[in-house]
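Chemist: One-letter residues, chain by chain:
Number of protein chains: 2
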Amino acid sequence: MADTCLIVASAVAVLVASAALAADDTALLAEARQVFQPLPKDISTAEAPVTKAGVMLGRRLFFDPRVTVDSNVSCATCHQPALYGTDARPTSIGVKQRPHPRNAPTILNAALAFVNHWRGDRESLEDQAEQALKSPITSGLEERDVVDRLARIGGYAPLFEAAFPNDAQPITVKTMAAAIAAYERTLVTPSPFDAYLAGDVAALSPTARAGLQTFIKTGCAACHCGVGIGGGMYQKFGIVEDYWTATGSRTIDKGRADVTKDPADLYVFRVPSLRNVAMTAPYFHDGSVATLPDAVRVMGRVQLGTKLSDPEVNDIVAFLESLTGDLPPEFAAVPVLPPAAVITAQH
Amino acid sequence: MADTCLIVASAVAVLVASAALAADDTALLAEARQVFQPLPKDISTAEAPVTKAGVMLGRRLFFDPRVTVDSNVSCATCHQPALYGTDARPTSIGVKQRPHPRNAPTILNAALAFVNHWRGDRESLEDQAEQALKSPITSGLEERDVVDRLARIGGYAPLFEAAFPNDAQPITVKTMAAAIAAYERTLVTPSPFDAYLAGDVAALSPTARAGLQTFIKTGCAACHCGVGIGGGMYQKFGIVEDYWTATGSRTIDKGRADVTKDPADLYVFRVPSLRNVAMTAPYFHDGSVATLPDAVRVMGRVQLGTKLSDPEVNDIVAFLESLTGDLPPEFAAVPVLPPAAVITAQH
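Chain order of the listed sequences is A and B. Take the first sequence: its position 211, counting from 1, is numbered 211 in my numbering, and each next residue is one higher. Take the position in the second sequence, starting the count at 1, then add 1000; the result is the number in my numbering.
Among the hints, a few may not be true.
Coverage of chain B stretches by chain A, computed from C-beta distances (three or more under 8 Å per stretch; other residues unrestricted) [to be verified]:
| # | segment |
| --- | --- |
| 1 | 1085-1091 |
| 2 | 1212-1224 |
Chain A regions said to be covered by chain B (calculated; three or more residues, Cβ under 8 Å) [what the hints assert, rightly or not]:
| # | segment |
| --- | --- |
| 3 | 56-66 |
| 4 | 77-91 |
| 5 | 270-281 |
| 6 | 333-344 |
Just so you know, the hints here were simulated from the structure itself, not pulled from any lab data. Virtual Cβ for every residue (Gly too), placed ideally from N, Cα, C.
My request is simple: use the sequences and hints to build the entire structure.
Modeler: Written out as structure tokens, the structure is:
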């Protein structure tokens, strides 16, 4: 996906040159279709198939807090349906009040991203879920204790057998992660912008269309492109000036350089998807900016060296609001979990 | 409601004497109708009216974690839809990992109870919500900070104006509590047992009907009576022997005596409603017992001086399972909250 987006990004450069000629809606739609793609129905792959039984199980695991150390944290703690799959905090809080180092991105459409986590140190949703189930911050349990806990909730056994019929030992952290990720791969949110890309020009207001034009013309779409409107490449945060001067960040995060130890990755982060961005404040890897207009201004300044005017910011925000889709019904409505208490040594 | 149940309880004593005569289903239904009542559609009162605008607002507040100290605890933290309005923990964990002293009862049908909290030190759901919004355990904020936080989430203002059109200052902790409680008053779960009380004898299995008979005959219904099948009176926990000998409780809770300072209230607690009890483990004020059969055995032993046989326990559990209703749709599906980040000093 990184390659695709890089190709698209160079296509954008050409489009930017001809943007002044795109005077009418047809031309804008044609431009947009070269840069962006509409959402698929789900985001399964050959290695990560989405099965009905897997999704049914994964949806329950996603909402179940009983397999973390104090039985009070689940995936849904940082990815709350009521907050569009986020926790509305700058950075998240895990088990035993332990701080997570970065902002929780929405889980909606998360499977579109070419890698996971801000620094790209999770290969896939499956990898992310597996590591989260064992992490001291988000779980606080050892792998064997996670499995023991889950096995004690009797109602889960038949769900695992249905989802993993060929596994002699169906309940493992790996199968849990596979099921959770299968569920997450169904959490897609078609938006007015997808209707627009499908040809319904009126799905975007004139202001949003002006914003789309500015979004492409100014260069935002060089990175925020593709089906995710972002999520397809790495980029340095702070190309023109240091990001913390514009965001007021309290600490300086070196980004991907801390993962790869490569100086070329200093302040490099995964470009986030902008789908549902109007519903998922605060912004950036450290949640340092509270509102969308301010986030747009920061981006213009530190990434593009552009001081966007208030009307431009207003238009871009209207475009970004068109990326909000409805919550998937299987996310808005929580499942009933197999009942059972977990009484641990330290209650 | 306490008086009603006491009257019903004395009626039970008469019924118990004639229980051997109630050989057929018609007689059992007639008995049951004297002891129990079906659920109303909602649980509004003259002082606590349930308005559409109030419920709409209260539902959002119920799920919103942003008005507690670290923006990570809401009513739904201890009263999770996926866990039938509980947290499945022996005792709850509040803000900053602070322990709550007692087990979180389900919020479903909670408005039926004559008082709230295990020791009866909350007069109503409105009182409970108001105190929870200011409590160091569940909120961690001062009253004025709660209001400040909420006022900063712009989308709430019109919802408060609609719900409290006559209030010059609509956003207060008191109106928040009134709205939350109005929502909670709609969370009723009609069950197979309600269909039974309405005359559909086949809504209960023969085993459940045998359990109902045993439940009445043995004396359980002396306290677990009325519309809530409990929730209508206080009772000492451990009438025949100390409760902690049977439950294995690690600490001895003096119950209501710590509230009233009256020695007559030693080990006295509010009798809990048994609606949805099969879905709301663990059991008792300290969550010391993990399974429903064990909880039934403990009750027989310490309250009634009866060693229930395994078939009797089995039958009673089948009856108790008939008290499980579907989750109300407006509880199973969470609302989308007005978007906004809360960036506090300590993020």
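Chemist: If a hint holds in the structure, say so; if it does not, say that too.
Modeler: Hint by hint, here is what the structure shows:
no.	hint	result
1	1085-1091	holds (count 5)
2	1212-1224	violated (count 0)
3	56-66	holds (count 5)
4	77-91	holds (count 11)
5	270-281	holds (count 4)
6	333-344	holds (count 10)
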